[in-house]
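Participant: Residue strings, one per chain:
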Amino acid sequence: MMTIKGYVRENGSVGVRNHVLVLPIDDLSNSAAVGVAKLVRGTTAIPHPYGRLQFGRDLDLLFHILSGTGANPNVAGVVVIGIEDNWANKVADGIARTGKPVEVFPIEGYGDLKTIERASRKAKEMVQEASEKQRTEVDISSIVMSVKCGESDTTSGLASNPSVGVVVDKMVDLGAVAMFGETSELTGAEDIVAEKMVTPELREKFLKIYKEYVDVIEREGVDLLGSQPTQGNIKGGLSTIEEKALGNIQKLGHRKVNCVLDYLDPLRREKGGTLCFVNTSSAAAEAVTLFAAKGSVVHLFTTGQGNIVGHPIIPVIKITGNPKTAKFMSEHIDVDVSDLLDLKISLEEAGERVFNYMLRVLNGRLTAAEVLQHDEFSPIKLYISA
Amino acid sequence: MPRGLIHSESDDVCVVTTDVQKGEEVLCAYLEKPASHVMLKSLDDIPLGHKIALRDIKAGEKVLKYGRVIGIATKDVMKGQHVHVHNLRSLRWGRR
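As they're listed, the protein sequences go chains A and B.
So the first sequence is numbered by my numbering: it starts at 1 and just counts up by one.
So the second sequence is numbered by my numbering: it starts at 1 and just counts up by one.
The shape of chain A in the complex, shown without the other chains:
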């Protein structure tokens, strides 16, 4: 049995951070949310541009992301602020199901200043309560992690992604949950991912999600040339989407995929370890935001040319196999596995390097992105508002 020190929440889920969140439901509530976070030490506001006049699946997805972020085990308590209380209550109900403290503050009828005062008084209480929560020894199987690459280059497929693949294998074997996504960036390797599915039903569901994505692109009458690979990818030596995808999937490791989640599907643990495909965009902040909303408490992010993304409530560990990026962007890089390029270390050793670093982060060490305040919170928007 392998253990880490985490925060066991009211519903038994395990977090590795202890945030008090100030959650705006809509763009209009960002000012008040940021106002609270300025007044009350130990709170984190997550402003975003959405939440007005959305409808249908797009609105459901926003609720799913806002509720899921509040419900994430890295969060001790949540202050919800919305211009009106109807939608705010809906999101708060989703968070309250975890048993953690959550309270809603509507702005209408109060104005920003009174709302900031009322919300700050509650936030202050929550921070003081959270400050007494202790880390306790828990089995590592209770951890939910996620993986994604960004500003990839050929070193991603050679070094950083396969190193993360070693960690994914290990975590799944230990009974933990690992999630991956990046639907568009599987193009050229989607058949390999489909082959990894443990049942025909999952394979069908995955291929349906993938096809929906391709249909969107075709409906727009475009292709993704110019976006995929990105200019950064091309500078780093990746020539085609197929090449990028084949590098991308190196980080999935070698286990079967036993879980496929579309945008609105909640995470379900499978016995004996879970490897989950999640339908996400391939934009770094959008993908990490969705993984966190599904319950990921730590993210392994591989980069070739130097993506610097972070997240307000989950630690994002940056791993590179590119020696130039490790040298010239060192303040953003947590783990350097570029020794693999010279064959100075084996893939297993590189995987061990990433795993050991992840253990330190799970136990409390802050990542580069956390210290440098990379707090990107980017809900995915599916279509235009009403």
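Treat the hints with care, as some may be off.
When the alpha-carbon atoms are kept at most 20 Å apart in a straight line, the in silico DMTMM-like pairs for lysine to aspartate or glutamate are as follows [what the hints assert, rightly or not]:
#, chain 1, residue 1, chain 2, residue 2
1, B, 62, A, 190
2, A, 327, B, 19
3, B, 33, A, 348
4, B, 33, A, 349
5, A, 211, A, 265
6, A, 235, B, 45
7, B, 33, A, 342
8, B, 62, A, 265
9, B, 79, B, 24
10, A, 235, B, 56
11, A, 344, B, 19
12, B, 33, A, 339
Here chain A is said to cover these stretches of chain B; the calculated rule only asks that three of the stretch's residues, wherever they fall, bring their Cβ under 8 Å from a Cβ of chain A [what the hints assert, rightly or not]:
#, region
13, 26-34
14, 65-76
One side only, chain A facing chain B, incomplete, derived with CB under 7 Å [unchecked claim]:
#, residue
15, 153
16, 184
17, 187
18, 188
19, 234
20, 236
21, 239
22, 240
23, 242
24, 243
25, 246
26, 342
Don't read these hints as lab results, they were simulated from the structure.
Even for Gly, the Cβ is constructed at its ideal location relative to N, Cα and C.
With chain A fixed as given, assemble chain B onto it according to the hints.
Facilitator: The following block gives chain B in isolation, referenced to the frame of chain A:
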């Protein structure tokens, strides 16, 4: 020390792991069995992470990396030349 790595035995390209100057000799090792390798002369300046052709490739031929097709050659490529967007394109999207 190798200056390039080859993912799979059937690959047509090697990824250089240092900046390579035109005319330099490059030792490319196979990832799966690092003891075996190929030595070739670079015909171009090739930056770290970019690909060098392991054989002559005719325009229209498929190009393999990871043992899989990563695209199609848009020009004749000579062994030792830089392989990138100027002579390789996707079969999935991009109709240049």
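Participant: Does each hint hold? Answer for all of them.
Facilitator: So, going through the hints one by one against the coordinates:
1. 62/B x 190/A: Cα-Cα ~19 Å, so holds.
2. 327/A x 19/B: Measuring from Cα to Cα gives roughly 15 Å; hence the hint holds.
3. 33/B x 348/A: Holds - the C-alpha atoms of residue 348/A and residue 33/B are around 15 Å apart, at most 20 Å.
4. 33/B x 349/A: Answer holds: residue 33/B to residue 349/A is near 16 Å, not above 20 Å.
5. 211/A x 265/A: holds, 18 Å
6. 235/A x 45/B: holds, 14 Å
7. 33/B x 342/A: Given pair residue 33/B, residue 342/A holds - Cα atoms ~14 Å apart, limit 20 Å.
8. 62/B x 265/A: Since the Cα atoms of residue 62/B and residue 265/A sit roughly 39 Å apart, the hinted pair is violated (cutoff 20 Å).
9. 79/B x 24/B: holds, 13 Å
10. 235/A x 56/B: violated, 24 Å
11. 344/A x 19/B: Given that 20 Å is the threshold and the Cα spacing comes to 18 Å, the pair holds.
12. 33/B x 339/A: Roughly 17 Å between the alpha carbons, so the hint for residue 33/B and residue 339/A holds.
13. 26-34: Three-residue rule met by the region 26-34 of chain B, so holds; n is 3.
14. 65-76: holds (count 6)
15. 153: holds, 5 Å
16. 184: violated, 10 Å
17. 187: Since chain B brings a Cβ to about 5 Å from residue 187/A, closer than 7 Å, the hint holds.
18. 188: Hint on residue 188/A: holds, closest Cβ of chain B at ~6 Å, below 7 Å.
19. 234: Result: holds, 6 Å to nearest chain B Cβ.
20. 236: holds, 5 Å
21. 239: holds, 5 Å
22. 240: holds, 4 Å
23. 242: holds, 5 Å
24. 243: Holds, because the Cβ-Cβ distance from residue 243/A to chain B comes to roughly 4 Å (cut-off 7 Å).
25. 246: Holds - the Cβ of residue 246/A comes within 7 Å of chain B, reaching about 4 Å at its closest.
26. 342: Status holds, d = 6 Å.
Hint compliance for this structure: hints 8, 10, 16 are not met, and every other hint is.
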